[in-house]
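Trainee: Let chain S serve as the given structure and place chains X and Z on it in line with the hints.
As you go down the protein sequences, you meet chains S, X and Z in turn. For the first sequence, the residue numbers in my numbering are 55 to 394. For the second sequence, the residue numbers in my numbering are 55 to 394. For the third sequence, the residue numbers in my numbering are 55 to 394.
In case anyone wonders, no lab produced these hints; they're calculated from the structure. The hints are all genuine.
Treat identical chains as interchangeable: a pair holds within one or across any two.
No farther apart than 30 Å at their CA atoms in a straight line, the calculated lysine-lysine pairs in the BS3-like style are these: (1) LYS240 <-> LYS346; (2) LYS375 <-> LYS346; (3) LYS120 <-> LYS240; (4) LYS120 <-> LYS247; (5) LYS247 <-> LYS102; (6) LYS240 <-> LYS102; (7) LYS102 <-> LYS120; (8) LYS346 <-> LYS102.
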Amino acid sequence: MGLTLGELADIIGGELQGDPNCVISAVATLQNADSGSISFFANTVYRKHLQHTAAAAVIIRPEFAKECPTATIITANPYVAYARAAALIVPPASPRQGVHPSASIGRNCAIDASAWIGPNCIIEDGVHIDAGTQLAGGCFIGQDTRVRAGGYLHANVVICHGVNIGERVIIHPGAVIGSDGFGLAKENDRWLKVPQLGGVRIGNDVEIGANTSIDRGALDDTVIEDGVKLDNQIQVAHNVHIGEHTAIAGCVGISGSARIGRHCMIGGGAGIVGHLEIADNVTVTGMTMVTKSITSPGVYSSGVPAQENSDWNRNYARFRKLDQLARRLQALERRLDPKD
Amino acid sequence: MGLTLGELADIIGGELQGDPNCVISAVATLQNADSGSISFFANTVYRKHLQHTAAAAVIIRPEFAKECPTATIITANPYVAYARAAALIVPPASPRQGVHPSASIGRNCAIDASAWIGPNCIIEDGVHIDAGTQLAGGCFIGQDTRVRAGGYLHANVVICHGVNIGERVIIHPGAVIGSDGFGLAKENDRWLKVPQLGGVRIGNDVEIGANTSIDRGALDDTVIEDGVKLDNQIQVAHNVHIGEHTAIAGCVGISGSARIGRHCMIGGGAGIVGHLEIADNVTVTGMTMVTKSITSPGVYSSGVPAQENSDWNRNYARFRKLDQLARRLQALERRLDPKD
Amino acid sequence: MGLTLGELADIIGGELQGDPNCVISAVATLQNADSGSISFFANTVYRKHLQHTAAAAVIIRPEFAKECPTATIITANPYVAYARAAALIVPPASPRQGVHPSASIGRNCAIDASAWIGPNCIIEDGVHIDAGTQLAGGCFIGQDTRVRAGGYLHANVVICHGVNIGERVIIHPGAVIGSDGFGLAKENDRWLKVPQLGGVRIGNDVEIGANTSIDRGALDDTVIEDGVKLDNQIQVAHNVHIGEHTAIAGCVGISGSARIGRHCMIGGGAGIVGHLEIADNVTVTGMTMVTKSITSPGVYSSGVPAQENSDWNRNYARFRKLDQLARRLQALERRLDPKD
Chain S
55 MGLTLGELAD IIGGELQGDP NCVISAVATL QNADSGSISF FANTVYRKHL QHTAAAAVII
115 RPEFAKECPT ATIITANPYV AYARAAALIV PPASPRQGVH PSASIGRNCA IDASAWIGPN
175 CIIEDGVHID AGTQLAGGCF IGQDTRVRAG GYLHANVVIC HGVNIGERVI IHPGAVIGSD
235 GFGLAKENDR WLKVPQLGGV RIGNDVEIGA NTSIDRGALD DTVIEDGVKL DNQIQVAHNV
295 HIGEHTAIAG CVGISGSARI GRHCMIGGGA GIVGHLEIAD NVTVTGMTMV TKSITSPGVY
355 SSGVPAQENS DWNRNYARFR KLDQLARRLQ ALERRLDPKD
Chain X
55 MGLTLGELAD IIGGELQGDP NCVISAVATL QNADSGSISF FANTVYRKHL QHTAAAAVII
115 RPEFAKECPT ATIITANPYV AYARAAALIV PPASPRQGVH PSASIGRNCA IDASAWIGPN
175 CIIEDGVHID AGTQLAGGCF IGQDTRVRAG GYLHANVVIC HGVNIGERVI IHPGAVIGSD
235 GFGLAKENDR WLKVPQLGGV RIGNDVEIGA NTSIDRGALD DTVIEDGVKL DNQIQVAHNV
295 HIGEHTAIAG CVGISGSARI GRHCMIGGGA GIVGHLEIAD NVTVTGMTMV TKSITSPGVY
355 SSGVPAQENS DWNRNYARFR KLDQLARRLQ ALERRLDPKD
Chain Z
55 MGLTLGELAD IIGGELQGDP NCVISAVATL QNADSGSISF FANTVYRKHL QHTAAAAVII
115 RPEFAKECPT ATIITANPYV AYARAAALIV PPASPRQGVH PSASIGRNCA IDASAWIGPN
175 CIIEDGVHID AGTQLAGGCF IGQDTRVRAG GYLHANVVIC HGVNIGERVI IHPGAVIGSD
235 GFGLAKENDR WLKVPQLGGV RIGNDVEIGA NTSIDRGALD DTVIEDGVKL DNQIQVAHNV
295 HIGEHTAIAG CVGISGSARI GRHCMIGGGA GIVGHLEIAD NVTVTGMTMV TKSITSPGVY
355 SSGVPAQENS DWNRNYARFR KLDQLARRLQ ALERRLDPKD
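Chain S extracted, bound-state conformation (with noise of 0.2 Å):
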């Protein structure tokens, strides 16, 4: 495997300043990089890193170029120029074909040709795996379900029954796709569980972290729109809706029927109250709550950044009693300015 710069600028739209032949057989951060790896810079977090880069050549801007010690190539996105070199200089895997002996497959099953069942998984009646798709092991697919053309599920994900998935969706291990939403009536003091009808569909070019869950909805789908990105450790409610290109970090809680919009990101650890709208266009930052609907794009916050304990603890004693302290405030105010 190799390719040269030559080549790589070429293929990655980006101008060459550098020897066109040198042949690059891995990629590296600045740091750890070689005369054989490409590097780039994206980050000015790691400025002081490029200057003493012993990369072959440096990805980056313009702007940068100067103070790269090594040959460049110059693009204006660095980063997505990387992520297109660092697929071509390391291939993923090829795809295996085939349905290994211990497989257990349903009836009615249509399983492409070009398509790979791993060992131990559990492919239940009446299911589509399209072409390309990958199933490395261990993997669940429940009635009914279709996973589109050139997906890949890694180890041990669970899709339940009646669940659509597109192409070229990536899942993660352990991620649940299609369990039952968290639909309770209340009656007499005791809790009667709703069937949960709807299915899940999910658009293309979808990625699914690890033991991410995803619910069915309760009757009409959760519905996971094109390019969507989430992270690991999520949970998204029967129902959600989730806008095309919308991408959502790790740990983050979505209640359920919240309708998020396209091209959002949602910080980690947030948590978004069920039955809201989420406009486009809208970033919502680490560990904040959002309980009413967002109608206009732009950035949202409540997460509380940390203090010194002593501090906090000061502060939030006083919080406690905040509403006090504003009448006391007020109280002050009118003393010194009876009209008001």
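Mentor: Same frame as chain S, but now just chains X and Z:
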């Protein structure tokens, strides 16, 4: 499949206003219902959809019946009535019986003939699986564990050794019951593992969500009483005790030896500190941190709602010095009223 | 199984006050102990149970020994001594050896004859499983991964390719190690996947909780040093580095490239922002959000304790306008003291 409106009204105990012979074969939301479907109206958020519904009938409270353009089944609790109706109209898949040849069964197990042990299940020695209980596939049941009658373990559920599970318990994919608690003793700056020798006792009619984990007790058992409902991605630490019919939403973390009362509701993303008690009939709202025992029923909160980021930053900057601000206020008060 | 009090006191290094020939065959809490059990007193919350205990003996600190009605083993650190005693009195199940016939083993693997590969495990090509390591069942070990000696992988653990795991590492059910990091580059409003080419390096004596996930590095490795203890439901993002003997409680989320020092304690539900450093010996309390590097040892907090909901709402309403309130205070101060 199909019941008449008359039959449905009888079974769910509502008053039918409409044609008792109309045949219902599906359930649907107000928006998506057609002339073969029954719908329900329980959340006034969806009032706008009521007047345009094409449902054959709507399950509804008496005070809203007039707004409904179609037949109605009138009842005090439409959500409960709907849950019953849905279970009749769309019955769950028929239970299976037997042991799939790929399952691995230990010695001295008692697996009822009416139970189903799906593909690739691993049943260790001394396990009891009682009448009708279904293990979908890929489940692991540790030594000497018992799952009582009528249970449903979805795919890839792990129950460790010595766990006792009641009747009609539903466990969703990827849930883990009986893993070791986080018991560590510090010795010379290192952590020594404390053996986790208790078990887990789970009552009847409990439901446990996808990828939720419940640790075994350190010495005594972790206890989940009858009728408790746990959503997805919840962490229940060792020796937690959750009282009857308490419902806990997704992403909640409960620390060791916390004791939660009966009929409580814990909102999503809440955190409960260890070694405390929460009384019966307590509601904890989303993303709240409970740090002390709660001794009276009521609603408790500390989840912080989002603001526009620049407002949030300005307010938080003040919060960081709230104690100082309170002192400044006090100083003014003293100045204006020295005898205070 | 059974040891005498004399043997126990010798092994755990405590001073016995009582009959050295008394045989102990169980461990129990102070409340539940009987005349064949040893108990311990380490948390003063349980002082009330000490005087009524029916235990054969209690492991206890010297200053509380007088309050104990039974024999005692006196030691400076009863919890450590108890952990040792418990491991002797209730030894773990004997290790198994061999490869279960249902396991699927790749090419060029080196599986030590004293290791156990349980039912339905999937071992891909080039995997090393060293002496004595136990894989309970349903585990997936990706290509070229190594698990060193004395490890215990509980059921349904997934370790992806190219992961390096030290000696005596315990991994609880459903944990995922080496899944892809959440690396995305934005191009024209869409997300391009950035190949995740690093691995995960896990030191010796690490413990990893149920359903926890640890992502592989983007280029360099994600690193978990010796003696680190991770509870359940934790998310460790790509290129995180966790220093020796740090303990992290459940539901914590750690963002990419965060570097956590040695001997830290991170409370449950905390969130750590990416690309920052936390010094050694730092304690972060529960549900705190760390947004900046912490450079000094100490305790840091931002978890907000619950209040009765109506108090909370009143206080939060003031918080929403805290900046304004501070300005009003400043205006009063200026009015009373114009030269300020």
